[in-house]
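Novice: Sequence:
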Amino acid sequence: MSEYGFFRASHEVLAARDALAAQVVQALRSAGLPAFREGEAGTEDRSGAVVQVDPDGETASASVSVVWRCDPAVVQAAVDSLTSGNLEAPIVRYPGTVGLHMQSPLIQILLTSGIIATPDNDTMNPDHVLVFGTMADLPPALRPTFVPPASG
Numbered sequence: 001m002s003e004y005g006f007f008r009a010s011h012e013v014l015a016a017r018d019a020l021a022a023q024v025v026q027a028l029r030s031a032g033l034p035a036f037r038e039g040e041a042g043t044e045d046r047s048g049a050v051v052q053v054d055p056d057g058e059t060a061s062a063s064v065s066v067v068w069r070c071d072p073a074v075v076q077a078a079v080d081s082l083t084s085g086n087l088e089a090p091i092v093r094y095p096g097t098v099g100l101h102m103q104s105p106l107i108q109i110l111l112t113s114g115i116i117a118t119p120d121n122d123t124m125n126p127d128h129v130l131v132f133g134t135m136a137d138l139p140p141a142l143r144p145t146f147v148p149p150a151s152g
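Numbering-wise (this note's numbering), the sequence shown opens with residue 1 and increments by one.
FYI, nobody ran anything at the bench for these hints, they're computed from the structure. Among the hints, a few may not be true.
[Stated by the list, open to error] Label pairs and their in silico Cβ distance ranges: (1) Gly39 to Phe132: 19 to 27 Å; (2) Glu88 to Phe7: 38 to 46 Å; (3) Ala73 to Arg143: 39 to 47 Å; (4) Pro55 to Val79: 22 to 30 Å; (5) Pro119 to Glu12: 24 to 32 Å; (6) Pro34 to Pro119: 15 to 23 Å.
Virtual Cβ for every residue (Gly too), placed ideally from N, Cα, C.
Given the sequences, and given the hints that come with them, work out the whole structure.
Specialist: So, in structure tokens, the structure goes:
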């Protein structure tokens with residue numbers, strides 16, 4: 001149990017989640033996108049696909065997720081506008097809008113790589129991508145037969 005009263009997943013479960021997160025990072029990097037694990041040293045000021053692992057033992061949704069992070073200067077400009085009371089400034093919505101626009105390409109890249117990913121159906125995190133595993137993790141009868149067309 002953690003200090004906040006939530007059950008933490010076992011070491012074995014966390015190891016499986018970490019392995020899946022590593023596959024997600026690799027798939028996104030192979031597509032040419034900047035991708036990294038949340039909390040990695042030197043990534044605090046990086047933009048790109050942030051892969052997150054939920055340590056919660058009672059996860060209600062996917063235990064691995066991806067979110068697009070804009071350039072930190074853009075995020076800071078949005079925060080500055082909010083804190084100064086300028087709620088209608090276009091910069092305030094920019095990071096969230098870009099995140100929503102990046103959601104579909106992230107999902108398509110992951111699906112093409114054999115990783116099961118869907119949009120998060122959560123109003124608090126509408127730009128998050130949920131990752132559930134790989135196609136190979138599914139029993140053959142449950143594997144999708146649809147192959148996404150190659151874009152080009």
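Novice: If a hint holds in the structure, say so; if it does not, say that too.
Specialist: Comparing the hints with the structure gives:
Between Gly39 and Phe132, the C-beta spacing of about 21 Å keeps the proposed range 19 to 27 Å intact. With their beta carbons about 42 Å apart, Glu88 and Phe7 fall inside the hinted range of 38 to 46 Å. For Ala73 and Arg143, the hinted distance range of 39 to 47 Å is satisfied, since their beta carbons lie about 43 Å from each other. Between Pro55 and Val79, the C-beta spacing of about 27 Å keeps the proposed range 22 to 30 Å intact.
Against the hinted window of 24 to 32 Å, the Cβ-Cβ separation of Pro119 and Glu12 comes to about 29 Å, which satisfies the hint. Taking the beta carbon of each, Pro34 and Pro119 are about 21 Å apart, inside 15 to 23 Å as hinted.
Violated hints for the displayed structure: none, as all numbered hints are satisfied.
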